[in-house]
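Given these sequences and hints, build the entire structure.
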Amino acid sequence: MAETPDTLSADLRRLEEIVRTLESDDTDLDKALGLFEEGVARLRAARDRLGEAEARVQKVLEDAAGQLRVSDFEE
Amino acid sequence: MNNQDSLFPTSPSSPSPPSSPTALSVSELIATLRRAVEGATGTVWIKGEISSFKAYGSGHWYFTLRDPESSIKCVMWKSYTIKVGATPIDGTEIYALVTPTVWAEKGELKATVQVMLPTAGVGIQQLNREKVRAALERDGLLDPSRKRALPPYPRSIAVVTSAEGAALRDIITVIRKRWSSVRLLVVGAKVQGDGAARDLCRALRLVNRLPGIDLCIVGRGGGSKEDLHAFDDEKVCRAVAALQMPVISAVGHETDASLTDLVADRRAATPSAAAELAVSDQGDCLRHVGSLSSRLAHGLRRRTGLVAQRLARSGDRIQVAMARRILEPQTLLDRYAGQLEALSPLKVLGRGYSVARLADGRVARRRADLPPGTDFTLRVSDGEVSSHAD
Numbered sequence: 000m001a002e003t004p005d006t007l008s009a010d011l012r013r014l015e016e017i018v019r020t021l022e023s024d025d026t027d028l029d030k031a032l033g034l035f036e037e038g039v040a041r042l043r044a045a046r047d048r049l050g051e052a053e054a055r056v057q058k059v060l061e062d063a064a065g066q067l068r069v070s071d072f073e074e
Numbered sequence: 000m001n002n003q004d005s006l007f008p009t010s011p012s013s014p015s016p017p018s019s020p021t022a023l024s025v026s027e028l029i030a031t032l033r034r035a036v037e038g039a040t041g042t043v044w045i046k047g048e049i050s051s052f053k054a055y056g057s058g059h060w061y062f063t064l065r066d067p068e069s070s071i072k073c074v075m076w077k078s079y080t081i082k083v084g085a086t087p088i089d090g091t092e093i094y095a096l097v098t099p100t101v102w103a104e105k106g107e108l109k110a111t112v113q114v115m116l117p118t119a120g121v122g123i124q125q126l127n128r129e130k131v132r133a134a135l136e137r138d139g140l141l142d143p144s145r146k147r148a149l150p151p152y153p154r155s156i157a158v159v160t161s162a163e164g165a166a167l168r169d170i171i172t173v174i175r176k177r178w179s180s181v182r183l184l185v186v187g188a189k190v191q192g193d194g195a196a197r198d199l200c201r202a203l204r205l206v207n208r209l210p211g212i213d214l215c216i217v218g219r220g221g222g223s224k225e226d227l228h229a230f231d232d233e234k235v236c237r238a239v240a241a242l243q244m245p246v247i248s249a250v251g252h253e254t255d256a257s258l259t260d261l262v263a264d265r266r267a268a269t270p271s272a273a274a275e276l277a278v279s280d281q282g283d284c285l286r287h288v289g290s291l292s293s294r295l296a297h298g299l300r301r302r303t304g305l306v307a308q309r310l311a312r313s314g315d316r317i318q319v320a321m322a323r324r325i326l327e328p329q330t331l332l333d334r335y336a337g338q339l340e341a342l343s344p345l346k347v348l349g350r351g352y353s354v355a356r357l358a359d360g361r362v363a364r365r366r367a368d369l370p371p372g373t374d375f376t377l378r379v380s381d382g383e384v385s386s387h388a389d
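Order-wise, the sequence lines are chains A and B.
Just so you know, the first sequence maps onto residues 0 to 74 in numbering that gives the first Met the number 0.
Just so you know, the second sequence maps onto residues 0 to 389 in numbering that gives the first Met the number 0.
Quick caveat, the hints were computed from the structure, so don't treat them as lab data.
You may find that some hints are simply not true.
[Unchecked claim] Some chain B residues close to chain A (C-beta under 7 Å, calculated; not the full set):
1. 43
2. 141
3. 145
4. 146
5. 149
6. 152
7. 180
8. 183
9. 185
10. 186
11. 285
12. 289
13. 295
We treat Cβ as the ideally placed atom computed from N, Cα and C, and that holds for glycine.
Next comes the structure, spelled out in structure tokens:
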């Protein structure tokens, strides 16, 4: 599984900031459009993260040579 | 004969009253007795049953310790009671580390208590636990400033527990229900019996070698005090403290916390509770994202609506078409890339227009809408200006 950093909370925090700015009425239109564009990109990232496939339960074992082995956990 | 004579009859056999310089004052007597009492035993462990327990608002505790033959009144000052995990109740048999003394005001024998431990099923194990706890405290491992925040949306969680236990099933069930895409890495370990502490240490060290783990849960379901013993082991506690990622300790117990609970960043009463702490509810998060999405669209609609109104009146058909498109930010949301390019004329048009709104929200369109003395609001590109028609 890809080990991408957890950006979901950063995306949500930034989205809240953008929405509050857009709702506050005192942004000029240039800036509002820029914020909107950024907001859409972050929404897409958040939805992608939320739509990730169901992950597996795995077990970790160490072999005699000290190597870690990861395999599916038998439930 | 007066009363005094009858109360204090003098007879040849009575000792003659001492002269006042040789009589002890009450305070002197008590002080002497106190020195004798305190010197007799010093600070000592005693065993007895609590009765007449009373906890005062000041934080001090007063009670009596008794056995079948004797009793002694005890006081435990706040500075010591705050270190006792739970408030004791009458009938509990305890070990108490006491210094006997004599209180002057009532001439009363008292034991001041520094430490109390319930005798039930503890003995050496409990005394050892206190020793480990003191060592961890001395090394700062119980310091609240060490506690790390849990990651809000972990992707990979390591679970250190018995691979066969109910604890693991509970954790898997709860996490699957709350956030299905979390990856769980089970590192099985012996959690009770001979060698459990050593095996737990091995498993915890192994977790530190796994890449990309956001959070660790270590624990087991409930059991007897003996079953939970490994979670009070000093080496296990130090291995928990050495984890490179935040850790939740969940050792099922009814009363006392395990020492791993005190070292971990968070503690949970049960493995299920640990799983709930570990991951957010995916449904809640989806609803939150949905709400942000519509607020984003609505925010832009509000912002562009005013400009669009001006455009609509400008008579320029191209601009009218453009205005219609920006009135539907939801469309933008779906196909934003191409659309945002098309919106570029707004970057120019956004400046220099303003809209006058009357108090009731109508837009002023002609002179008749603004008779002298009318208050209105002028909406300009970066906000509103309160205005007045002369």
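To see whether the hints hold, each was checked on the structure:
Nearest Cβ of chain A to the Cβ of residue 43 of chain B: about 50 Å, over the 7 Å cut. The hint is violated. Because the closest C-beta pair between residue 141 of chain B and chain A is about 28 Å apart, greater than 7 Å, the hint is violated. The interface hint given for residue 145 of chain B is broken, as the beta carbon of that residue sits about 22 Å from the closest beta carbon of chain A, more than 7 Å. At about 19 Å, the closest approach between the beta carbon of residue 146 of chain B and any beta carbon in chain A exceeds 7 Å, and the interface hint on this residue is violated.
With 7 Å as the threshold, the beta carbon of residue 149 of chain B stays out of range of chain A, its nearest partner Cβ sitting at about 11 Å, so the hint is violated. Taking 7 Å as the C-beta contact cut-off toward chain A, the hint placing residue 152 of chain B at the interface holds, the least distance being around 4 Å. Nearest Cβ of chain A to the Cβ of residue 180 of chain B: about 4 Å, under the 7 Å cut. The hint holds. Among the interface hints, the one on residue 183 of chain B holds; its C-beta lies about 5 Å from the nearest C-beta in chain A, closer than the 7 Å criterion.
Taking 7 Å as the C-beta contact cut-off toward chain A, the hint placing residue 185 of chain B at the interface holds, the least distance being around 5 Å. Below 7 Å, beta-carbon pairs count as interface contacts, and residue 186 of chain B has one with chain A at about 5 Å; its hint therefore holds. Nearest Cβ of chain A to the Cβ of residue 285 of chain B: about 6 Å, under the 7 Å cut. The hint holds. At about 9 Å, the closest approach between the beta carbon of residue 289 of chain B and any beta carbon in chain A exceeds 7 Å, and the interface hint on this residue is violated.
Residue-level restraint check for residue 295 of chain B holds (minimum Cβ-Cβ distance to chain A is 5 Å; threshold 7 Å).
The structure does not agree with the numbered hints 1, 2, 3, 4, 5 and 12 stated previously, though it agrees with the rest.
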